[in-house]
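Can you build the whole structure from these sequences, using the hints too?
Residue numbers (the numbering used here), protein chains in the order written: chain H, 1 to 274; chain Z, 1 to 292; chain U, 1 to 268.
If you're looking for bench data, these hints aren't it; they were derived computationally from the structure.
Every residue, glycine too, gets a C-beta built ideally from N, C-alpha and C.
Among the hints, erroneous ones may be present.
[Claimed, not checked] Computed from the model, here is a short list of chain Z residues facing chain U with C-beta under 10 Å: (1) F184; (2) S190; (3) S201; (4) R205; (5) N206; (6) K277; (7) D280.
Residue-level listing of the chains:
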Amino acid sequence: MIRINPRNSKMLTGSILLALFLLVALLSLRWTPFKLDDMSGGRLSSPSWQHLLGTDTLGRDQLSRVMIGARIAIEVGFSAVLIGILIGGSVGIIAGFARGKWDDLFTSFLDTLIAFPTLLLAMLIIAARGTSLFSGILAIGLGISSVFARVTRLLVKSVLSKDFITAARVSGTTWPRITLIHIIPNIWPTFLVISALQVGVAGLAEASLSYLGLGAPPPNDSWGSLLQQAQNTVYSAPLSAIVPGLCLVLFVISVNLLADGIRFHFDQNSRVAP
Amino acid sequence: MPGDPSDSLIPIGATPDQIRAAKHLVGTDKPLFFQFTHWVTQTASLHFGNSLTSGSPIAPEIFARLQITIPLTVSAFLIALTLSIPTGIIAARKGSTWYGKFLNYFSQLGIAIPVFWVGLISVYLFALRLNLLPAGGFPSTSWHDPAGAIKSLILPVLTVSFVMGASLTRYIKSATLDVLNSDFLRTSRSLGYSFGKSMWSHGIRNGAAPVISVLGIEFATTFVGAVVVETVFALPGLGSMLVKGIQEHDYSTVQGVLFVSTLIVMISGFIADILQKWLDPRLNKYSQGSLV
Amino acid sequence: MNILTVRDLRISVEAGIDLVSKVDLDLPAGARLGILGESGSGKSLTALAITRLLGPALHSYGSINFRGSELLSVSEKEMCKIRGSKIAIVFQDPLSALDPLMTVGNQLSHPLSRYQGIKGNGMKVAVEGVLNEVKIANPKRVARSYPHEISGGERQRVALAMALACRPEVLIADEITTSLDVSIAAEVLELLDLLVRTRNMSLIFISHDISTLSQIVDDAIVMHKGVVVERGPLRELIRSPQDPYTKKLVASAINLEKSLPVHGMRNF
Chain H
1 MIRINPRNSK
11 MLTGSILLAL
21 FLLVALLSLR
31 WTPFKLDDMS
41 GGRLSSPSWQ
51 HLLGTDTLGR
61 DQLSRVMIGA
71 RIAIEVGFSA
81 VLIGILIGGS
91 VGIIAGFARG
101 KWDDLFTSFL
111 DTLIAFPTLL
121 LAMLIIAARG
131 TSLFSGILAI
141 GLGISSVFAR
151 VTRLLVKSVL
161 SKDFITAARV
171 SGTTWPRITL
181 IHIIPNIWPT
191 FLVISALQVG
201 VAGLAEASLS
211 YLGLGAPPPN
221 DSWGSLLQQA
231 QNTVYSAPLS
241 AIVPGLCLVL
251 FVISVNLLAD
261 GIRFHFDQNS
271 RVAP
Chain Z
1 MPGDPSDSLI
11 PIGATPDQIR
21 AAKHLVGTDK
31 PLFFQFTHWV
41 TQTASLHFGN
51 SLTSGSPIAP
61 EIFARLQITI
71 PLTVSAFLIA
81 LTLSIPTGII
91 AARKGSTWYG
101 KFLNYFSQLG
111 IAIPVFWVGL
121 ISVYLFALRL
131 NLLPAGGFPS
141 TSWHDPAGAI
151 KSLILPVLTV
161 SFVMGASLTR
171 YIKSATLDVL
181 NSDFLRTSRS
191 LGYSFGKSMW
201 SHGIRNGAAP
211 VISVLGIEFA
221 TTFVGAVVVE
231 TVFALPGLGS
241 MLVKGIQEHD
251 YSTVQGVLFV
261 STLIVMISGF
271 IADILQKWLD
281 PRLNKYSQGS
291 LV
Chain U
1 MNILTVRDLR
11 ISVEAGIDLV
21 SKVDLDLPAG
31 ARLGILGESG
41 SGKSLTALAI
51 TRLLGPALHS
61 YGSINFRGSE
71 LLSVSEKEMC
81 KIRGSKIAIV
91 FQDPLSALDP
101 LMTVGNQLSH
111 PLSRYQGIKG
121 NGMKVAVEGV
131 LNEVKIANPK
141 RVARSYPHEI
151 SGGERQRVAL
161 AMALACRPEV
171 LIADEITTSL
181 DVSIAAEVLE
191 LLDLLVRTRN
201 MSLIFISHDI
211 STLSQIVDDA
221 IVMHKGVVVE
231 RGPLRELIRS
241 PQDPYTKKLV
251 ASAINLEKSL
261 PVHGMRNF
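Okay, structure coming up:
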């Protein structure tokens, strides 16, 4: 199967961290220390054994809210990337095969699109559809699609230009079969790396949207929402502003490390001796 | 628009001669400028209408708020660029030293941090705890109070430039590494030029090329970052106008702001494109002496 | 009298693996030495070690003596004086070896002004002159062009011209004909032969191809997996190879030649 270099520490750290988040997220589906409508904790109390991270302005347990935030981060991150892969990937593959004026068309279109920041695109879509968890996922997903489309197109083009494709064509292999056994095996490593990175991008985008009040409404409070609510009370309760942000940063770092690790893993396998 | 500006001049199915003529035309500045001003005057004459919620005209408000958002974006971008060039080069050349590694980790961190969180933390630290700078807001007299305006913008600018700087550092580091390992640098050294001289004659330009190609996108991202950060610092810029508009379903306002934002994004891409073509002859298919 | 003497050269990576070891090399003044070997044999590394252009991860040990100076221990400043004006090197891939963002004429003007003192108005003429020397058909056009706009053969001649503009005493040609068409390669070889002769340079020619070497060098060393397995006059190496690897090389070259109606190797 796949041999993973034990010295690939980036991948290891990244995966462990990410797995941790995943566990917390899954856990939050079933159990959190306190329920979200439980406002018994007293306003803005400091961390205690009962409430490990204190409580918010409504007396809700912060730790539970942070755990839910983890779930939202993972949900949005992975769903948006999935949309990105499906839509962006398909467009990218088609664009990669394009020739002539279709090729020029795709080039101009995709280059224009990628210059457009994902967040702005997402805001556009949310402005149209209103705020909800699904809107957010869709909006960010479409924004990420442009990245995937461009990358996929470049990858497909570079593979198509290789000689073994010509060889396959000459020996009579059909295009669908070529796509399956030549193109996809050659592009999926890079694809994986980009996907991992985009999970982080999606997470950050969602946080920004939520922070601006354009994200998923409660009870789907993401870390971004928590930060927005913490803003007014940051002086008296700094922890409420630090913890969700820290979680977000660690989340993004973990996927980035994972991405680097994956890249390293595939790079070393293709490394040629001097 | 990004992409070859002559594309809009060429009808589909033009002969190679026509294409060549169109591109040669675009090779000079005049038609570009003409196209650009024509487009700008068209849009400028577009009326944005009035806000659906407040009833007041949108265009003048956008104009007023741009006076906060644009200086914020531009200064943050320039500071980020200025800081990231030496940082990226050091990270590339001295990657094995402790400070090189530190810079690498730092830039890794910088791209993982949401810009508004940095803003939040800096408000907490510098404004509330240390009382050095205002926690937010902008003088109501706007730029007529330059000292107050600048004071209000210091933290936001530093916040955005921190995050953008991390991103730019990574690009510059990668470009520097490519140049350091390049064959043409080796050729220059093989002719007897010192490492420094070779970098100066060949390295800088070749290293700048890939960086310039992303400057357009990075500027657009800086702009978006500025828009977000305005909420942290309660700056009456384009960002708060947009957010309010979306929340109140004020479609006219949203349209107007998004239109202007799109315009800014496209202009920056356009300029970056021109810069790139000026620098890299490989993108100009019809430069002198071409065999093709 | 050797102009360049290499003794016990060892090149290793940080991990401790030796890529090249125990390499000895003698280059008398005015002589032509070939380094024969397949890819990965360490021949290019040896050339880079001589000019101290190895990458940062590689370290060289041993003795590289040029006219009495020990090249592995001189300062970088001293080495810069030796590179180009004393020892010049031309690489295999001229497309990546030339600055893609600078015209050919501009790139040529650098060594011309530095080593031949040409400045200002005389530069254009000098550049064209140099391009003529390397037998480029349309010097004006080539001087104006960027590297990607001229053909492979023209590029290699330009690279050669740049190295020669430094007026070196020793020229190292690292697989300079490998990426060229056979006919173009033959022309470049002829050109090299002429230039080396007229300027009285010493030459180290690196190649994996025996027939190419046979047209340009007299003596050769054979490298395999980082060590020298055999050395001597090329004529002898081809007639009676001693080392099994050399035997293999010679045998396959001869087989290739046999399939042609006319023998390609010179005087053998």
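*Looking at the structure, which of the earlier hints fail to hold?*
6
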